[in-house]
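Once you have looked at the hints, place chain B on chain A.
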Amino acid sequence: MGCEEIMKQKKLLKSHKSQEAFTGYLFLAPALVLLSIFLLYPIGTMFYYSLTDFYILSPDDRSFVGFENFIRIFSDAQFLNAFGNTVYFAVIIVPVQMSVALGLAILVNKNIKGRTFFRTAFFSPVVMSLVVVSILWTFLYNPSEGLFNEILGAVGIPEQPFLTSPDQAMNSIIVMSIWQGAGFQMLIFLAGLQNIPEHLYEAAEIDGASMWQKFLHVTLPGLKNVSLFIFITITIAAFKLLVQPMIMTQGGPLGSTQSLVYEIYETGFNYRDVGYASSMAVVFTLIVLIVAIIQRKVASEERGS
Amino acid sequence: MKKYFMLSSVLFLSGALAACNGGDEENLENAGEVAGNNANESNESNESNDDEVETGEVETDVEATGDESVELEIWIHQTNEDETAFYVDRIDAFNEAEDDIHVTTEVIIDDGASAYSDSVNASLVAGELPDVLAIDGPYTASFADADVIQSIDEYISDEDQDDFVDSIIQQGTYDGSLYTLGAMEGSAGLFYNKEIFEEEGIEAPTSIDDAWDWDEFLDVAKELTTEERYGLNLFFDDVGEFMTFTGAPFIWSNNGALIAEDGSTADGYLNGPESVEAFEFVSTLFDEEVVSQSPPETQFQEGEAAMALTGPWMGLMAEDADMDWGIIPYPEKERAVSPSGSMAYGMTADSENPDEAYELLAWMTNEESAEGLSEVTGMPPSRESVFDSMEKYDDEPWSVIREQVTETAQARPATPAYPVLTDAFSEIYSAAAQDVDMQEIADQEVERVERELERFAD
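These protein sequence lines are chains A and B, in that order.
Residue numbers for the first sequence follow the numbering used here, so the first one is 23 and each next one is one higher.
Residue numbers for the second sequence follow the numbering used here, so the first one is 127 and each next one is one higher.
Derived SDA-like pairs: lysine to any residue, alpha-carbon spacing no greater than 25 Å straight-line:
(1) A/K135 <-> A/M233
(2) B/K348 <-> A/Q182
(3) A/K246 <-> A/I210
(4) B/K348 <-> A/S166
(5) B/K348 <-> A/E167
(6) A/K236 <-> A/I218
(7) A/K262 <-> B/V365
(8) A/K262 <-> B/D237
(9) B/K518 <-> B/V502
Just so you know, these hints were derived from the structure itself, not from any lab.
Bound conformation, chain A alone:
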């Protein structure tokens, strides 16, 4: 009798547990289904297409070509150019945008008049659509009628070909991108700054630390985790550069602003070469993945020490 009773209870418990699990999965289901349809499935097909010669106009007539697309990538001057441009963009924008954001955060963290106004002002470009901002800055950069050249002209500096010179176009895009993006990181830095306990500053003051020393030994270490988060997100966002060159320069002049993602887009949609575009996308994914892994490794080592 006793034994049976226990068995019965165990069974009940078990069915209760599995029922709970079932409910759990049911809650998960919507997210899982969406993720599978819109993320996992496309990623899977990307890997598959990257091994084929899929041409949009003849979708049924695709054949398996092995690693041919990947071999072609590494001798493709256009791809390598786009890769170089994207790396340049990332290498410049990551440190500069971080510094600008940190600087702004420290400024608007000060107890000054109109602090809310400045916070809103610095953050407002983030709320604007990148497409709109790109179009506006194209006007600002215009050689003969743009605001920047008019200001330069007023102080006697000759007209600058901001977007029409291969030497300047990418830098012009970088400046605009920082203006547009830095406000967001400023907000995160600001939250980080406000998390640093006030007593650390007081202790530093008692020890006779200067402003600079306080920044170096209290503020920066206090922002370590926040900085890491910002570092990784800016880097990944930088690699995804697309809208600015698409709107402002169409990748020109002389391909100087062509980015990786733009190259993938053009290859897939304009040249209709989905197979090759997919293999570029695979390489792009791997690059971003490697960068992210290295950053994590470096960061976790630092945290350990």
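Showing chain B alone in chain A's frame:
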């Protein structure tokens, strides 16, 4: 095991839900609700650029037996509202005229870049093409080569075909068969500001016989350039098809070509001596600073450029700006050539009702459509007979456009590699504004075209 079971049951569930949705949609009788559903769907997939427009009356003809009625679908492009409204009106009229055919229209945004072709490409992969679709003329070959559209040779009468200007037939022909027809033609010339010309005492040629050669063109452009004004506007910030449309005639006029006649290679053509010489001439225009690399949009209308090399739409803009303007024929070198080509219609190979689809295509390109469209857009008509009936083309400045369309227009090359070829062309052409070796750039771009051509070599 259990996990997998859970997952599959969840998937099954969601599948069942989707099926329910599908069923619901089919059961909905009310057109309004269907349209609402479609709107929701397009929002979800972020394709808010698609717009389903129901044309014609909502099935009021109860007497007609449903079986006899043929359902057709047509896709048109939208660049401006007046033009789209005209297309929709014409399709409505078709629906009224034809008792047993009912056409549904889908309007797809065309931003001048790739928005329209992106939509077409996506539907192509999904296998959801309409019966008739608008195609940018020079892309005819690539759609024909992939058997996406079918030849209309067996449908069109010789008499009807003869009425179309040669360049439209040339544009719609691939491999000896006719695939697409358009209601409008394109052309480009030098729009000029009459006031400035009078001030400077320059006489503008008004017919192809007195067209400027390159040297005269350059000299005049230099003469017209002052501190405050450029002699010429080439709209060089408009990278893309516009560049091939307006720029390629420089090469043709110098007896060059973008690609071999048989379409087998671009090597020795796009980078051949005649082509490079033409690119270098464009380069000279920038070296002499008679043209701006990023001109403000209304440079010509505001008198900040004395001439503008562009299409007929500039006529309407100049009219709006209340300026005194005229058209000078496209400058020539060895022979007179002018730009050509515009949107055209093709019927898809998978259409279940090709006879009716052709009827629709013919309707959209008949005299009435061509004349009406020309009035709305300012583009020249694609038919000789319509030129005869439109008085506007008898006199200056539009007589220049008529002369060009009927005598010197040359279609862009019919090759399935066109998407890459035109991109390569605009890369070289736009490089003319930079301080670079044109031959070197041309060689680089030809390499890309050659690789693309391999895809189509058999």
